[in-house]
Amino acid sequence: MPRPDGFLDAAARALSIRLASGMTRKSFLGRMGGAMLAATGGAAVAAAVRPEKSEAFHFCGHIWTTGSCLNPLGLPRIDKNGFPLRPSDGHRIDNLGRPVNSEGWAVDGSGNRLRSPDGEFLPRAPRTRLCEDWTNEHYKIGGVMQGAWYRCCNGQVRKLVDCCSHSRKRINGDASLTGYCFDGRRVFCVLYYDSGLKC
Amino acid sequence: MVETFTPAVCGSRLRQRLAIALFALAALVASAVLGATLGFFGSLVGTRPALIAAAALAFLAALREAGILRLPLPQSRRQVPERWQYELPLPLWSAGYGAGLGLGFLTFQPVATFWVACAAALALGKPAVAAGCFALYGAGRAFMAVWPRHREPSGPAAVERLVGRASFVPRANAIVLGLAVVLLAVAPAAGAAVTSLGRGFDPAAEGKTLARARMDSGTIKVLVAPPAPDPMDTVSPANAPALNGKYLAYQDDQGIKVIDWRNDTPVRELDGPYSQPALDYPLLAYIRDEGARERLVLVDISKPNLGEQAITSARSAADLGRPALRDGRLAWHRIGRGGSAIYVLNFATNDRRTIKRTNVWMEANPSVTSRRIVWVEHRPRGSYLRMKRFGSKHTKTLMHVSGRKTLLWTTALAGRTAYVTRWTPSTRKAVVLRVNF
Chain A
1 MPRPDGFLDA
11 AARALSIRLA
21 SGMTRKSFLG
31 RMGGAMLAAT
41 GGAAVAAAVR
51 PEKSEAFHFC
61 GHIWTTGSCL
71 NPLGLPRIDK
81 NGFPLRPSDG
91 HRIDNLGRPV
101 NSEGWAVDGS
111 GNRLRSPDGE
121 FLPRAPRTRL
131 CEDWTNEHYK
141 IGGVMQGAWY
151 RCCNGQVRKL
161 VDCCSHSRKR
171 INGDASLTGY
181 CFDGRRVFCV
191 LYYDSGLKC
Chain B
1001 MVETFTPAVC
1011 GSRLRQRLAI
1021 ALFALAALVA
1031 SAVLGATLGF
1041 FGSLVGTRPA
1051 LIAAAALAFL
1061 AALREAGILR
1071 LPLPQSRRQV
1081 PERWQYELPL
1091 PLWSAGYGAG
1101 LGLGFLTFQP
1111 VATFWVACAA
1121 ALALGKPAVA
1131 AGCFALYGAG
1141 RAFMAVWPRH
1151 REPSGPAAVE
1161 RLVGRASFVP
1171 RANAIVLGLA
1181 VVLLAVAPAA
1191 GAAVTSLGRG
1201 FDPAAEGKTL
1211 ARARMDSGTI
1221 KVLVAPPAPD
1231 PMDTVSPANA
1241 PALNGKYLAY
1251 QDDQGIKVID
1261 WRNDTPVREL
1271 DGPYSQPALD
1281 YPLLAYIRDE
1291 GARERLVLVD
1301 ISKPNLGEQA
1311 ITSARSAADL
1321 GRPALRDGRL
1331 AWHRIGRGGS
1341 AIYVLNFATN
1351 DRRTIKRTNV
1361 WMEANPSVTS
1371 RRIVWVEHRP
1381 RGSYLRMKRF
1391 GSKHTKTLMH
1401 VSGRKTLLWT
1411 TALAGRTAYV
1421 TRWTPSTRKA
1431 VVLRVNF
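As you go down the protein sequences, you meet chains A and B in turn. Under the numbering used here, read the first sequence as residues 1 to 199, first letter to last. Under the numbering used here, read the second sequence as residues 1001 to 1437, first letter to last.
Isolated chain A, as found in the complex (with noise of 0.2 angstroms):
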């Protein structure tokens, strides 16, 4: 499926290619400026409404709408406790995005602990909550995790989690929506969960 934005830049550069064919043969600069504008107009256009990195539509299940809450490797995964997982593979990674065992020492490929350079292990780093614990310390808002709803993706049930809060500002800037969340509370936030069963 084609991105919005891609739908902007085409619109875009069709009005710039309008404009540029309004004008007489001697308006070289107007020319100039329906080319330019063909040039730049499209990604000018999209650049402001096009969303964060981590933002809407970029996960199965989940288009066009309030972006994904903080988390360590761009997509937030995560375990039914909420919990960061590695958005590839759902190995459980820590708050750096390093991999970690089920005790929470980091590991290297192979599952061999990590070592600091004198040879002992590093310590665990800390890992915590996406919703709860990373969301509200950066925008102090009192998320929780509320609604969900579920879709095929990949071929297994993916459940879609609203992180919720009091806040009329959702993580995108704007106006923030009910979505599933309850008790008076908005969406801040989305985050998934693969299940792991087949649909």
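Warning: the hint list may mix true and false statements.
What the hints assert, rightly or not - Covered stretches of chain A (in silico footprint by chain B; criterion: 3 or more residues with CB under 8 angstroms from a CB of chain B, positions within the stretch not fixed):
#1 114 to 127
#2 133 to 140
To be verified - DSS-like mimics (lysine-lysine), calculated; alpha carbons at most 25 angstroms apart, straight line:
#3 B/K1246 x B/K1208
#4 A/K169 x A/K159
#5 B/K1257 x B/K1221
#6 A/K140 x B/K1388
#7 A/K140 x B/K1356
#8 B/K1303 x B/K1257
#9 B/K1393 x A/K140
If you're looking for bench data, these hints aren't it; they were derived computationally from the structure. All of these numbers come straight from a predicted model, not from anything done at the bench. C-beta atoms are modelled at their ideal positions from N, C-alpha and C, and glycine is treated no differently.
With chain A's structure known, arrange chain B on it following the hints.
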């Protein structure tokens, strides 16, 4: 000024010389004070944003001086008050004129360069260096009061001739400002100059002397490098050095040892499950492993009976890391699964303060002096060497490394020089970096 500093105005040739000397001195002092002030504010703002601002300003000023861009200059369109000559005694008015012109912004500025110099002084972030550099501006002011007369008997006539060549000034100025843009753009991290000091880790610094640990053929040893020409001292096997004057504390298989590193004579030995010493003689802090918990304790090694004072403890799942002890302050980190924090205890006031606490990032490995604290903040995108002055709310980033493959680790601090270990776990390569800020 040339017309002012004449024997006729001053009263005699001797009084003229006195007036010029006082004018020059006041101009130098005033411009140096301005530079120091800007440097001081630069140290609060952070050098990186100030450097970017200075480069941008220099670029705009170059365009203005080249006549490409029309920009008004923020300035006072006044000259020094003439009535001072008649109302005030000579030492006062000559020094007043010097101070007024030395400060720069009180009088008319025909070119934009002054404001670029202000931005550059801000970007330096070092009051003393900025004062020295800016004093040259005052020297220039003083020079222009003397130089025309030196070349020609009539000072005013010399100034007239100079004004006649004024069209040359903007062009030269534009070239100089263009060079300034280039120099500012390539400045190494805006004053936080980073230098690699070679292999090693766990730095400890005292003045110009640096100790570090190094892994050689599977054995960890401690190297103490005083300033040249003193020879380097090596202790092996030894790890986790802490340096304080002639004293070196380190850990080995038996526990912690304190020696006089200049002649390798033992001072104190603490055998047991002790590690990570921090030394501010006679105080020694270290981590005591108690199995289920680890405890940060403080002792006075000059006393026969150590009398351990427990500072804090943590379950062994958490980490208290490598403490730092200097000038009556003890700093340490606590890293747990739910978050991390940096703490400082001031012995004089018994005030225990949290420097940084977070539920998200990993704050680790602090070092202190009487004025500042540095530590490393780990985030998914990289490691950041942070610095904070005690009593200030502002945290400054001295340097950072991007990515998760290489990270910053243990630190040391001496004056305005920080040291930090850069560690790549996959290659086991550790180097000590020096960061001048």
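Results of checking the hints against the structure:
Counting residues of the stretch 114 to 127 of chain A whose beta carbon lies closer than 8 angstroms to any beta carbon of chain B gives 12, which reaches the threshold of three, so the coverage claim holds. With 5 residues having a beta carbon nearer than 8 angstroms to a beta carbon of chain B, the stretch 133 to 140 of chain A meets the requirement of three or more and the stated coverage holds. For the proposed pair B/K1246 and B/K1208, the alpha carbon gap of about 13 angstroms is at most 25 angstroms, so the pair holds. For a cut-off of 25 angstroms, the pair hint linking A/K169 to A/K159 stands: about 24 angstroms separates their Cα positions.
Of the pairs offered as hints, the one joining B/K1257 and B/K1221 holds, with about 13 angstroms between alpha carbons and a cut-off of 25 angstroms not exceeded. Proximity of A/K140 to B/K1388 is assessed by CA-CA distance (about 24 angstroms); at most 25 angstroms being required, the pair is judged to hold. At roughly 17 angstroms between alpha-carbon atoms, A/K140 and B/K1356 fall within 25 angstroms of each other, so this suggested pair holds. For the given pair, B/K1303 sits about 15 angstroms from B/K1257 by alpha-carbon distance, which is consistent with the 25 angstroms threshold.
Restraint check for B/K1393 and A/K140: satisfied, since their Cα atoms lie roughly 19 angstroms apart, inside the 25 angstroms limit.
Checked against the numbered hints above, the structure breaks none of them.
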